Amino acid sequence: GDSVTQMEGPVTLSEEAFLTINCTYTATGYPSLFWYVQYPGEGLQLLLKATKADDKGSNKGFEATYRKETTSFHLEKGSVQVSDSAVYFCALTPGGTSYGKLTFGQGTILTVHP
Amino acid sequence: KAGVTQTPRYLIKTRGQQVTLSCSPISGHRSVSWYQQTPGQGLQFLFEYFSETQRNKGNFPGRFSGRQFSNSRSEMNVSTLELGDSALYLCASSLVGGGSYNEQFFGPGTRLTVL
Chain A
1 GDSVTQMEGP VTLSEEAFLT INCTYTATGY PSLFWYVQYP GEGLQLLLKA TKADDKGSNK
61 GFEATYRKET TSFHLEKGSV QVSDSAVYFC ALTPGGTSYG KLTFGQGTIL TVHP
Chain B
1 KAGVTQTPRY LIKTRGQQVT LSCSPISGHR SVSWYQQTPG QGLQFLFEYF SETQRNKGNF
61 PGRFSGRQFS NSRSEMNVST LELGDSALYL CASSLVGGGS YNEQFFGPGT RLTVL
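Which chain is which? The protein sequence lines are A and B, in order.
Using the numbering used here, the first residue of the first sequence is number 1, and each one after it goes up by one.
Using the numbering used here, the first residue of the second sequence is number 1, and each one after it goes up by one.
Interface residues of chain A toward chain B, partial, derived using beta-carbon atoms under 7 Å:
id, residue
1, G43
2, L44
3, L46
4, S98
5, G100
6, K101
7, F104
8, Q106
Derived by calculation from the structure, the hints in this document are not laboratory data.
Remember, it's a predicted structure, so these values are computed and weren't measured experimentally.
Glycine is no exception: its CB is placed at the ideal position from the N, C-alpha and C atoms.
Can you make the complete structure from the sequences, with help from the hints?
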């Protein structure tokens, strides 16, 4: 079945450091890929998405590129802020009639220190 | 526009009991999906309902069931509760279910504790 593998955390960075969270996936067909973020005490929010190969999703300074050849969707940000501290989840949907089904990675806890 | 609402927010039950959780989607959204979040297993898909029909189902035992009403509100039921059912149960709604991508909007969740 479909699966998503994220780099294990937690990740601790200083403010203005460069962030990379690795994500690789296994899926048949052409899945859509997502990064969700869960801030402390809040619900899951969509951070960015890419629905086909070579698409780049971006939002709030975060970016991720859909790489079909390496089955990857790594999350990057050039300069993190304390307010970026949260749990980040990589996810996919297989498409077709299964767009309502998200498969998530284990989540990566990010802590940014001033 | 109001977001996805889930009730109750917190629930404590004992083993063997059953529980019903409720989810009200964003107005106009017809697809509702349910997820279980635990520290050990992470976020796992339970099932998705669209137009009162279950469209997709995850790998959970039959003790977990759900339904959707004509106004798109959804409920999930867990019978014969086990300690391992303690989790945060998340509901998400989207504009259209299946066939095309629409962003899923998540509710705050219901925290279920089984004693």
